[in-house]
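Number of protein chains: 2
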Amino acid sequence: MTGTPAPTAPLFERMALVGIGLIGSSLARAARRHGLVREIVCSARSQTTCDKALELGLVERASTDSAAIVEDADLVVLCTPVGTYADIAAAIAPRLRAGAVVTDVGSVKQAVLRDVGPHLPDGVHLVPGHPVAGTEHSGPESGFAELFEGRWCILTPPAGTNAEAVRRVAELWTRVGSNVEMMEASHHDRVLAITSHLPHLIAYTIVGTATDLEASTQSEVIKFSAGGFRDFTRIAASDPEMWRDIFLNNREAVLEIIQRFTEDLTMLQRAIRWGEGDVLEDLFTRTRAIRRGIIQAKQA
Amino acid sequence: MTGTPAPTAPLFERMALVGIGLIGSSLARAARRHGLVREIVCSARSQTTCDKALELGLVERASTDSAAIVEDADLVVLCTPVGTYADIAAAIAPRLRAGAVVTDVGSVKQAVLRDVGPHLPDGVHLVPGHPVAGTEHSGPESGFAELFEGRWCILTPPAGTNAEAVRRVAELWTRVGSNVEMMEASHHDRVLAITSHLPHLIAYTIVGTATDLEASTQSEVIKFSAGGFRDFTRIAASDPEMWRDIFLNNREAVLEIIQRFTEDLTMLQRAIRWGEGDVLEDLFTRTRAIRRGIIQAKQA
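Chain order of the listed sequences is A and B.
Take 1 as the starting number for the first sequence in the working numbering and just add one per residue.
Take 1 as the starting number for the second sequence in the working numbering and just add one per residue.
Where hints are given, some of them may not hold.
[Said to hold, decoys possible] Partner residues aside, some chain B positions facing chain A, computed with beta carbon under 8 Å:
(1) Val124
(2) Ser142
(3) Trp152
(4) Leu192
(5) Pro199
(6) Tyr204
(7) Thr205
(8) Gly228
(9) Arg251
(10) Leu265
(11) Gly277
Derived from the structure by calculation, the hints contain no laboratory data.
Idealized CB from N, CA, C, for every residue including glycine.
Taking the hints into account, I'd like the entire structure generated from these sequences.
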């Protein structure tokens, strides 16, 4: 029996981050600040990013070889776009040590079970995770240790996952300031389709619609963006590859919620066409309540 | 010849604000701070709001009677929802003094010329205006003097408007910190349909879509709103009546831009269905450029 570690003892000996963008680098900073891991190593696709991670003091070692970097790690965190998981899992699987915990920070969760699960050897524990936090900035220099404070982190371990592995991943997130919630992967993907995936798709769409306007109008769009548009441009400045992979890997739930959204927009469009002011005002009044809920839940 | 007033001299003797919500009360605060008017009076629909405006020290006098309050004002600013303009114009017209300047702060501008213009007596000058600034909060207590700083104010005086009246309204906005732009009313309404009206309609729609989900999911939507949704809820907390009137009074331009938006969304929906990652990534990359433009234009 090893006993529960004292609050100040590291939770993991060596954390290997596969990918070190906004989330990975924020986790590195937070884990170091709170003394949660003894050593941090990372891999990145480019040598430039590896050099940057070292230069920023985020990691002890960095390599473009994911398989080499996970060796002897007791915690491996996938922090790359979800579409890369299958190849990475296949590459790192033979080098994972027995008892290692593999987790991730991706915004879709069924795809993790599908793409990563089958590759992992017996005795390695998969605990998929999703810190619901972020900014529109990308890259290792964009991260900050406080990113996860007061935010939710959702874990979606399938039934039968090693309980101690789940506990340790949950504690990692708790100790960087997050509230941890357990959920079925399929339920996660449906909830996030509305709270995150649809808002991003809509923001990308509306900014795209604006970029297709004639050049003269476009400069005016920029000039007068304070009327609401600029908030959408912030969301639509998020990482393109990451978001491509999210939509491709949460297709059913996203298509379902787009359909509902389109029906609702069509109703409003019709109300505008026919001058039905009460339909508009009713909805605009109802939507204020959900804002109050978010402010009360301290997620504003 | 009266000569150009010294920089510290008031631009107007008495400013009458018809309506004193977020914008009206911010203008009162800013005008007072910068010494732009000698006296400020206001009207509001309810006695409660009148009392609040007096209690906050925003105005010297307040009344529920718009017609009474504009008497002897050399500047009248309509700060109510656009749908109320026609009735207000009819009511105040007989009490307007010769040479008075009438302006407004509404988000649509063709409707002002249509609804206010015909009521005004000769010798009263109509200079429609639109400060492109705001927050999601409403009411006289929500205003602040800095709201207009660094923002644009668009004026849409029709051809033949008294040049001195236009100059004085422009100076008022310049001296509260805004950049002033002159524009055709119809052009204004088309540009703002994309930078402001569509974003608000979309935000109201998506928050509405979420409120129609089963109650259990709804509490999760609030909990996990940090993934993008919360930004939409902020926009969708804007004043319902004001926004109802904007959509009803900019129908053609809004319907046209909804149509474009829907086509673009349908294209993305199809790309998600058929797994066309390159279509998604191309758009998501293009949209970053417009964000950079907004940051460079200091409107972020």
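Okay, the hints, checked on the actual structure:
Violation of the interface hint for B/Val124 is found here, the shortest Cβ-Cβ separation to chain A being roughly 28 Å, above the 8 Å cut-off. Because the beta carbon of B/Ser142 sits about 14 Å from the nearest beta carbon in chain A, more than 8 Å, this interface hint is broken. With a least beta-carbon distance of about 6 Å to chain A, the hint placing B/Trp152 at the interface is held under the 8 Å criterion. Nearest Cβ of chain A to the Cβ of B/Leu192: about 6 Å, under the 8 Å cut. The hint holds.
For B/Pro199, the suggested interface contact is upheld, since its CB lies about 4 Å from the closest CB of chain A, less than 8 Å. Evaluation of the B/Tyr204 hint against chain A yields a held restraint, the C-beta minimum of about 5 Å falling below 8 Å. With its C-beta approaching chain A no nearer than about 5 Å, B/Thr205 sits inside the 8 Å limit, and its interface hint holds. Look at B/Gly228: its Cβ gets to within about 4 Å of chain A, closer than 8 Å, so that hint holds up.
This hint holds: B/Arg251 has a C-beta 6 Å from the nearest C-beta of chain A, less than the 8 Å allowed. Nearest Cβ of chain A to the Cβ of B/Leu265: about 5 Å, under the 8 Å cut. The hint holds. A cut of 8 Å between beta carbons decides the hint on B/Gly277: the least distance to chain A is about 5 Å, and the hint holds.
Consistency note: the structure conflicts with the earlier hints numbered 1 and 2.
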